[in-house]
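Participant: Protein chains in written order, with our numbering: chain B, 98 to 418; chain Y, 98 to 418.
Hints were generated in silico from the structure; no laboratory data involved. Idealized CB from N, CA, C, for every residue including glycine. Hints are supplied without guarantee of correctness; some may be wrong.
Ranges of calculated distance between the beta carbons of each label pair, as one might list FRET restraints [said to hold, decoys possible]:
1) His260(B) / Ala182(Y): 27 to 37 Å
2) Ser415(Y) / Gly136(B): 49 to 59 Å
3) Lys188(B) / Gln352(Y): 43 to 53 Å
4) Met354(B) / Ser254(Y): 34 to 44 Å
5) Ala182(Y) / Leu184(B): 22 to 32 Å
6) Arg115(B) / Glu248(Y): 19 to 29 Å
Here are a few chain B residues that sit away from chain Y, every Cβ distance over 12 Å (derived from the structure) [to be verified]:
7) Glu129
8) Gly152
9) Ile154
10) Gln242
11) Leu259
12) Asp325
13) Lys330
14) Ala342
15) Leu390
16) Val398
17) Val401
18) Tyr412
Number of protein chains: 2
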Amino acid sequence: MSGIETLQNSFETYFNHRHFPISPATLYNPLEEFLSNSGKRIRPVLCLMGNELFGEISDDAYHLAAAVELFHNFSLVHDDIMDKAPLRRGKPTVHSAHGESTALLGGDVMMVVAYDYINKVNAKYIKDVIRLFNQTAKEVCEGQQLDMDFEKLDLVSMDDYLHMISQKTSVLLAASLQLGAIVGGASDNNQQHIYSFGKNLGIAFQIQDDYLDAFGDPEKFGKQVGGDIKSNKKTFLMIHALATANSDELDLLNQLMRENPSDKVEKVLDIFKACGIDKWANELKESYLQKALSDLDEIAVSKVRKEPLMQLANYLISRDK
Amino acid sequence: MSGIETLQNSFETYFNHRHFPISPATLYNPLEEFLSNSGKRIRPVLCLMGNELFGEISDDAYHLAAAVELFHNFSLVHDDIMDKAPLRRGKPTVHSAHGESTALLGGDVMMVVAYDYINKVNAKYIKDVIRLFNQTAKEVCEGQQLDMDFEKLDLVSMDDYLHMISQKTSVLLAASLQLGAIVGGASDNNQQHIYSFGKNLGIAFQIQDDYLDAFGDPEKFGKQVGGDIKSNKKTFLMIHALATANSDELDLLNQLMRENPSDKVEKVLDIFKACGIDKWANELKESYLQKALSDLDEIAVSKVRKEPLMQLANYLISRDK
Chain B
98 MSGIETLQNS
108 FETYFNHRHF
118 PISPATLYNP
128 LEEFLSNSGK
138 RIRPVLCLMG
148 NELFGEISDD
158 AYHLAAAVEL
168 FHNFSLVHDD
178 IMDKAPLRRG
188 KPTVHSAHGE
198 STALLGGDVM
208 MVVAYDYINK
218 VNAKYIKDVI
228 RLFNQTAKEV
238 CEGQQLDMDF
248 EKLDLVSMDD
258 YLHMISQKTS
268 VLLAASLQLG
278 AIVGGASDNN
288 QQHIYSFGKN
298 LGIAFQIQDD
308 YLDAFGDPEK
318 FGKQVGGDIK
328 SNKKTFLMIH
338 ALATANSDEL
348 DLLNQLMREN
358 PSDKVEKVLD
368 IFKACGIDKW
378 ANELKESYLQ
388 KALSDLDEIA
398 VSKVRKEPLM
408 QLANYLISRD
418 K
Chain Y
98 MSGIETLQNS
108 FETYFNHRHF
118 PISPATLYNP
128 LEEFLSNSGK
138 RIRPVLCLMG
148 NELFGEISDD
158 AYHLAAAVEL
168 FHNFSLVHDD
178 IMDKAPLRRG
188 KPTVHSAHGE
198 STALLGGDVM
208 MVVAYDYINK
218 VNAKYIKDVI
228 RLFNQTAKEV
238 CEGQQLDMDF
248 EKLDLVSMDD
258 YLHMISQKTS
268 VLLAASLQLG
278 AIVGGASDNN
288 QQHIYSFGKN
298 LGIAFQIQDD
308 YLDAFGDPEK
318 FGKQVGGDIK
328 SNKKTFLMIH
338 ALATANSDEL
348 DLLNQLMREN
358 PSDKVEKVLD
368 IFKACGIDKW
378 ANELKESYLQ
388 KALSDLDEIA
398 VSKVRKEPLM
408 QLANYLISRD
418 K
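Just chain B, same shape as in the assembly (with noise of 0.2 Å):
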């Protein structure tokens, strides 16, 4: 069984070459620059611990890690563009570097690159991979729509909010590692356990994320605390804090979003307090990481097997920034 680390260098060195033609390099070389600017590949890595999970690591699990890779990062690029982003990993994003249309058009071929590795995958496999993998592009794409939309509104229930992110984020987690199992020839019902696995995991990290914008230790988390609070956005906190504050901290609450005063930040975080919005967030995180845990138990093979998802989930769970 190989950990997080072993798996991303394996990766790395599968994934380190040049994926796209030389000319027009106008339209090239802006990709290979923003793949080469690496984050931490965790898609690719569930996807080759999905395969391991049921026998050694198969060379069509790496072309499926290579293209849940490509498909994320097209994702990157057409939302930095739809969020008018000018970072990304500390890098100026596509579009401010090389403008709106090549970042347009790069992320398109970055998608039609993502199916030419699922056509090197095992002819066997490859409808049941493209079935997973479309569905998934979908609901990206759904969730990156409900998010905008859900800009123009004030209230948004946290059942809403929840599909929302799940579509955003939690799904490609899933289907990495489904997709990784699809291939190691998992039956139907371990495919549904893993993928059940990363949605819910997927979950419990968004969670952490929106707590630890609020709560994190401004040192360790290396971003200013607080970003989300600044510019209204809706997250797990606010919503609930919206639905179960007082009507006193109702009004101080959208007062603070309406007026946004220097000490909105401090203000919004008493409140949330208060409310006992903190300690929600984390029995919240806490639920949908053992359920999780339940799925993986679930799934028909040796222990030992799962010890680096066991660990992956504590690596993406336990972390303070």
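Position chain Y relative to chain B; hints supplied.
Facilitator: Frame of chain B, contents of chain Y only:
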């Protein structure tokens, strides 16, 4: 053997249903609307013809006809964002009616749904289909990038223009035919000839398009003649004029493009005529049409099976609007 109109109608019957989920309606309804405002469905018709050349039209050919139509529409939606085009087929473009972000995401989803249709194809053909489809998709994106790159250049060589315009328009026509041929069980050799037929026909079609913009009959053409001249667009005609005009004509051409006087179209057309550009363009078009027909000749099926493609070539090339 089925004629153009028969195939347009059969495709319409197959294609006339919902292609996207119901929700989120903010993402999917604009796409349904865009697809229903149909063009001539040339690419799906080519796919069906490429299939019928080798036997009875199969379900697989319809699936691929839908895939190329969705891919074509995806590229229109994204191109319209890049070109900041307000109208398409007489109606507001997706981005001008629903915002750039929805058009961007909507294009992405259309491409994914194109692969849903590809995934319906008989497993024995799927790898060849994806290989050709992906190669073509990349070339179309490259063509669009080169087109944007060329806008920033003063001078573009005929070879470079021919390469760009082939990628941007001809390869998808060629691939539509070959995709139909693949699922019709055509040999590699026949596949290459049908592809080459489509590519050369596409170039002839583009020359015709450039010609009509300059020399078309305004009453039949349906849009203002001289649009390309007004916007200093590099076309087959303009590139050849810049390469063959004498120094006086060249000075005048450059001055007209710089100063945009009210009689610019008229004066540029005078230079085109003095340089014999109209005759040259017709001859060039004719030479590509002949290349296309000689490719068709090489395909090892009975002559009667080729009739619809002869008819289509005449329809595309003899058109005056």
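Participant: A separate judgement is required for each hint: does it hold in the structure or not?
Facilitator: Now for the hints, and whether the structure bears them out:
1. Taking 27 to 37 Å as the suggested C-beta distance range, the pair histidine 260(B) and alanine 182(Y) conforms, at roughly 34 Å.
2. Checked against the hint of 49 to 59 Å, the pair serine 415(Y) and glycine 136(B) passes, with Cβ atoms roughly 55 Å apart.
3. For the pair lysine 188(B) and glutamine 352(Y), the supplied restraint of 43 to 53 Å holds, since their beta-carbon distance comes to about 44 Å.
4. Checking the proposed 34 to 44 Å range against methionine 354(B) and serine 254(Y) shows it is violated: the Cβ atoms sit about 58 Å from each other.
5. Evaluation of the 22 to 32 Å hint for alanine 182(Y) and leucine 184(B) yields a pass: the beta carbon distance comes to about 30 Å.
6. Taken as a hint, the range 19 to 29 Å holds for the pair arginine 115(B) and glutamate 248(Y), whose Cβ atoms sit roughly 27 Å apart.
7. For glutamate 129(B), the requirement that its beta carbon stay farther than 12 Å from each beta carbon of chain Y is met, with the minimum near 14 Å.
8. Every Cβ of chain Y is farther than 12 Å from the Cβ of glycine 152(B); the closest lies at roughly 23 Å, confirming the non-interface assignment.
9. No Cβ of chain Y approaches the Cβ of isoleucine 154(B) within 12 Å, the least distance being about 23 Å, so the stated non-interface status holds.
10. The claim that glutamine 242(B) is not at the interface with chain Y is violated, since a C-beta of that chain comes within 12 Å of its own (minimum 4 Å).
11. With a closest Cβ-Cβ approach of about 15 Å to chain Y, leucine 259(B) is found to remain outside the 12 Å limit, as its non-interface label requires.
12. Against chain Y, the non-interface label of aspartate 325(B) holds: every CB pair exceeds 12 Å, the least being about 20 Å.
13. At roughly 17 Å from the closest C-beta of chain Y, the C-beta of lysine 330(B) stays outside 12 Å, upholding its exclusion from the interface.
14. Interface exclusion of alanine 342(B) from chain Y stands, the closest Cβ pair being 29 Å apart, more than 12 Å.
15. Every C-beta of chain Y lies more than 12 Å from that of leucine 390(B), the closest at about 31 Å, which supports listing it as non-interface.
16. No Cβ of chain Y comes within 12 Å of the Cβ of valine 398(B); the nearest lies about 28 Å off, and the non-interface call holds.
17. Distance check for valine 401(B) against chain Y: the nearest CB is about 36 Å away, which clears 12 Å, and the non-interface claim stands.
18. Its beta-carbon lying about 31 Å from the closest one in chain Y, tyrosine 412(B) satisfies the requirement of being farther than 12 Å from that chain.
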